[in-house]
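Using the sequences and the accompanying hints, generate a full structural model.
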Amino acid sequence: MKIEIDEEKCCGAGQCVMAAPEVFDQREEDGLVLVLDAAPPQSQYEAVRQAAKLCPTAVIRVAEDD
Amino acid sequence: MSDDRVVIVGASVSGLTVAETAREEGHTGEIVLVGDETRIPYDRPPLSKQLLSGEWEAERLTLRDQAALDGLGLDLRLGTRARSADAEARTVTLDDGSVLDYGTLVIATGVVPNRLPDGHGLRGVHVLHDIEDALRLREALRSAQRLVVVGAGFLGAEVAAVARKLGLTVTLVDPLPQPLVGALGETVGAMLADVHREHGVDVRCGVAVRALVGDGGAVCGVALDDGTQVPADTVLVAVGSRPAVQWLEGSGVPLGRRGADGCDGVLCDGRGMALPGVYAVGDVAAWWDARAGRRHRVEHRLTAAEQARIVGRGLVRPTAQVEPPVPFFWSDQYDLKLQVFGLPAPSHDFHLLSGSLAERRFVAAYAADGVVQAVVGCNMARQLRSWRPAVASATPVGEVLRTAVSA
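Quick mapping for you: the protein sequence lines, in order, are chains R and A.
According to the working numbering, the first sequence is numbered sequentially starting from 13.
According to the working numbering, the second sequence is numbered sequentially starting from 320.
Do not take every clue at face value.
Said to hold, decoys possible - Listed next, the in silico DSSO-like pairs over lysine-lysine satisfying Cα-Cα at most 30 Å (straight line):
hint : chain 1 : residue 1 : chain 2 : residue 2
1    : A       : K656      : R       : K21
2    : A       : K368      : A       : K656
3    : A       : K656      : A       : K484
4    : A       : K484      : R       : K21
5    : R       : K21       : R       : K65
6    : R       : K65       : A       : K656
7    : A       : K368      : A       : K484
8    : R       : K14       : R       : K65
9    : R       : K65       : A       : K368
10   : R       : K21       : A       : K368
Derived by calculation from the structure, the hints in this document are not laboratory data.
Dropping the structure here:
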């Protein structure tokens with residue numbers, strides 16, 4: 013799995029951090045998304061999918077492994 | 320009869336999300352998604368922000384691309400309006416005359432903008448509700464010189480900020496004493512009035528509009544109750560909105576009246592059910608909120624999606640209990656990013672938790688009866704999130720203040 017983000021669209025809601033705290037964080041200064049692990053381990057896949065779904069501005073794109 | 324047909328009326332974020340969630344959860348039956356706009360579903364918060372400023376083009380607001388929409392296997396009826404419904408017969412009548420039987424009806428028709436009693440026929444007078452409105456206003460702002468924004472809520476304040484960035488002369492008018500006072504209270508409202516003034520907006524709060532003044536069919540000014548007249552070539556009327564429920568009059572679906580029921584919109588339980596087999600989501604829906612002990616409508620993007628996921632899941636796997644969603648919304652004005660968890664009210668007590676208003680960087684708690692109802696952050700998104708649980712679990716404000724001091 014690979015995570016791509018469209019940072020410009022981020023509104024800083026922090027939904028992704030709540031869904032997958034090991035993969036996402038927010039920048040201190042403006043609250044925008046920080047990807048801690050762009051190629052997360054399998055144990056995080058479900059949480060990451062959830063984060064992508066919950067993002068109010070559809071910032072997170074998840075490319076699944078083939 | 321189509322007992323398992325789901326008819327969703329309204330194809331913005333909440334309607335689309337119900338359909339998408341139902342599919343994800345394994346609903347294989349027929350889903351009809353009816354939307355009165357002709358564009359494929361798009362996101363609304365950027366309308367008064369990036370779209371209006373010209374930073375983004377319309378395509379960027381699309382919620383799902385055509386391939387993803389096709390993949391949902393919906394009977395998508397865009398450019399179609401529901402004319403009426405009959406909850407007893409379980410039918411919806413569309414404006415093309417066709418009648419749809421439903422097993423489940425989901426009402427997601429959102430809101431319609433309020434207008435002033437007169438003056439909307441004048442050239443140069445705008446409302447901002449859908450993407451076509453936003454594109455029209457954007458086009459107008461390119462050649463406009465003097466904009467008057469009537470209504471200093473989120474929409475009006477955001478448009479004022481964008482118009483200043485574009486170099487227009489901007490006047491912001493509202494009968495209430497501060498911008499956004501209804502949403503964020505006096506303290507933050509006063510700060511925002513300062514922010515807008517610093518950016519060159521003529522903030523006229525505490526004065527009502529008497530009339531839009533026209534000359535040769537075009538707007539030329541706005542007459543105020545204090546006897547002054549503000550010249551304008553463009554006017555945005557942003558005076559709130561009301562639930563789009565006219566098509567449901569006489570349908571048997573319970574509709575609220577502000578006075579009698581405390582709120583308007585489609586009256587629902589805590590899972591969005593208005594009647595057996597009838598649900599409502601998003602801006603139009605007044606869900607029972609167990610945390611607040613009352614029904615209310617929430618006109619915010621994230622709540623619309625959260626409600627839609629609850630209903631979409633419920634169509635496949637009925638659940639007994641759901642946690643009431645904690646509302647979240649945000650507003651961008653100049654270099655300020657305001658974010659809110661919960662629903663602040665002007666009557667709430669204001670408690671600063673971190674930062675300072677003077678620096679325009681703070682987190683504050685809003686409390687009623689000693690209990691946290693909302694937290695508001697300004698340019699402190701990361702810290703704000705850490706206070707969300709205080710809203711979700713209705714924490715006593717004293718406890719929150721002790722934590723803030725020791726943090």
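Okay, the hints, checked on the actual structure:
no., hint, verdict
1, K656(A) - K21(R), "13 Å, holds"
2, K368(A) - K656(A), "12 Å, holds"
3, K656(A) - K484(A), "16 Å, holds"
4, K484(A) - K21(R), "19 Å, holds"
5, K21(R) - K65(R), "15 Å, holds"
6, K65(R) - K656(A), "23 Å, holds"
7, K368(A) - K484(A), "11 Å, holds"
8, K14(R) - K65(R), "15 Å, holds"
9, K65(R) - K368(A), "23 Å, holds"
10, K21(R) - K368(A), "11 Å, holds"
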